[in-house]
Amino acid sequence: MRNNSVRAIALAAALPLVALTACTTEPSVTQTTGTGTGSAAASSPASKDWFDQALYDTQNQQRSATFEGNPEQPYLQYIAGPMTDTSKFKSPGAHKVCFANASISNPWRQTGWITMNQQLKALQGTGVISEMETRDAKDNDNTQIADIDYFIAEGKCDAFVISPNSTAALTQAVERACQTGKPVVVFDRGVETDCATTFIHPIGGFAWGIDTATFLSERLQSGDKVVALRILPGVDVLEHRWAAAKKIFEEKGIQAKDYFTGADPTKIKNIISDELATGDVKGVWMDAGDGAVAALEAFEDAGKKLPVMTGEDEMSFLTKWKQTGIDAMAPVYSNFQWRTPLLALEKIFKGEQIPTEWVLPQKPILANELDDWLQRNQGMPSGHYAKFGGEDLPGYPEVWQKRQMP
Amino acid sequence: MSTALNSERSAILKQNRASRSERLLRAVRTPGGAVFVLLIGLLAAIIVLNPSFGEPSSFIRFVGRTAPIAIAAIGQYFVIVGGEFDLSMGSVVTMQVIVAGNLIRQDDSKVIPVLVLMLVLGAFVGLVNGLITTLLQVPSFIVTLGMMLALLGLVLYWTGGAAQGNPADSFRQIGRGGIQDVPVLDVIPYPVIILTAVAVAGFVLMRRPYGRMLIAVGDNPEAAALAGSRVWWVRTRAFMMSSLSATVAGILLVGYAGVHPSVGRGYEFTAITAVVLGGVVLGGGRGWVLSAAAGAFALESLFTLLNFMGLQATWRDTVQGAIIIIAVAAASRSWQRKRKGASSAAHDEQHQLAAAPTPAEGTEQGGERV
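Chains as they are written, first to last, in the numbering used here: chain E, 525 to 930; chain Z, 7 to 376.
FYI, nobody ran anything at the bench for these hints, they're computed from the structure.
All values derive from a computational prediction rather than experimental measurement.
Relax, there's no trap hidden among the hints.
Selected chain Z positions facing chain E (Cβ under 8 Å, derived; list incomplete):
#: 1; residue: 56
#: 2; residue: 58
#: 3; residue: 59
#: 4; residue: 71
#: 5; residue: 170
#: 6; residue: 262
#: 7; residue: 263
#: 8; residue: 264
#: 9; residue: 268
#: 10; residue: 310
#: 11; residue: 320
Just so you know, even glycine gets a beta-carbon here, dropped at the ideal spot from N, CA and C.
Using the sequences and the hints, build the whole thing.
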């Protein structure tokens, strides 16, 4: 009797865990590239479907779109479309920029943050920007909303740069920033308002999913097993990658089994070892390349044939790819986008037109380009991203090699 | 053990004189013994789902990869049984992983000096934790939480979030390699050997005066102090062993998984869960060191079982959490039952005087139960 009641209590205690799981998916509504709606937020997490056919089609087309501008400066390239007139912001002299950052909690954001600061130095040198005040929200929506409101209340910002932590939660705060009448630049993850002067982002998660899943399914047979290693649930840019890949795997009859790893190589290695113990694994798909090396080492340690694999343009993966000579590709979520917001502000203060939705190139690294990218990033640490796009900035390459962050 | 009441002493004596099988049965009914039953059950379930897991070569690899968390659990056991917590364990693992990655690089000649440095660092962190807890009287929960954050911040500052890369392969062999071409097993991973050494050392230590003292301190520090033990030094050494075991776990993980700032994340909670699952009582004074290691194996088997069951990824954490809560709830229930059983046994005349008491076993039992 008492034993039963203990079990009942234990189960009841476990219920909040379920609720917590629900919460983590709640704030991250489908990322719309400015046009869609956030209707997905209303559905329950269990039935939540991140797949969005319209967005999938758009991004599928953008994969082969032509980009305006100089290919040597991909961080300034964009897909032709509506432009914002910024003549009202035209003003001479140096301006103060306020940056509300979601976090620098992963190697991708850290690499971008380094690049952004070096870009800042360049623009301070040319007298465009006087200083940049940054507040880091440490992956917390509430903190970031408070950060933005702090900037507004302080009233000393000549321009806002916002990298939103999540889509729905930050929408109103971004609108409040817009109401100050100062230029607002949003980049990486989006918000559900088009009040910003420009919204900068690479093509998107669906394009990533299409590139990678197509690559794997072209090389594998129907019925082959692919292990999908995912960082965490509920982040739109990551969920879109998996939504697109899952659709393609299902269409091609490839058995894809997905796991959340938190990018922890210990977990990744355990997962792959367990999967190899149950049968052959022909392919490995990742929604971010962090930890790719551990996945390959699990194959090596088990003495199995190395898989066909998609990672990311992180140096650790590119190096391992080269060493092992596997059949692989590295999708890219263009890290150079961290430069673009400050360069956009330079144009805004000059009163030049800029794209309302600034879609940056997002080109995967294929086998024939691998040597070139390794060559260009020699001496960079394992968490560095090959397409960081800061080769012409001051401090290159030491700042990135030593990962010096302010 | 020192708190055993006079009225219970004769019952204990009788229990120790019971036959070997009776003693085994009794041990299995304690939470510290039940975890072994749970472990066997989980392993059996895995083998039913996936028979190839039961092959010696697969199984020994599983033991190898579980070794780091089992070693961490053994380290955490010392602190918990002494009545404290060590939340800094995961950060120590992370720090050591980064130290190895950034200092050794590809230079084989640096392997030994850096290894020594890591052990010194580990002992130092434990010393600081222990001294602040015992001499400054700050609750260990806060001290080690602060240490956890301080070390994580230090790692971030030092590395900018990404390590330079994996250290030389000779260093990684400790966690990744093994003795090859062994009959039946195929390979004996080095982590298995290291785990065995740590487990034997822990087992022996808990039977020596220090181990007795640690349990007494965890059970009732005032009584232990009055009995003449230097409580602060007993506990500080427990913290040092915890940090050192985290260091050993870190060394193995560098080999097994490679260098990454996320290695070691959540290790303190996995280790504490393993210790509690092994029937060690939070607050100290009760529990068996090898049960803590078995708790780690049970936990890892549970994760593997859920992998093999093909549970949906989004659900997995919830199921894990619920199972852990149920298991620990069941364990605490059987401690309560055991306590009642112990006092009633004093008046139970049915025990046979079968074997002469061996002092070592007698004291171990006394320390373990009450």
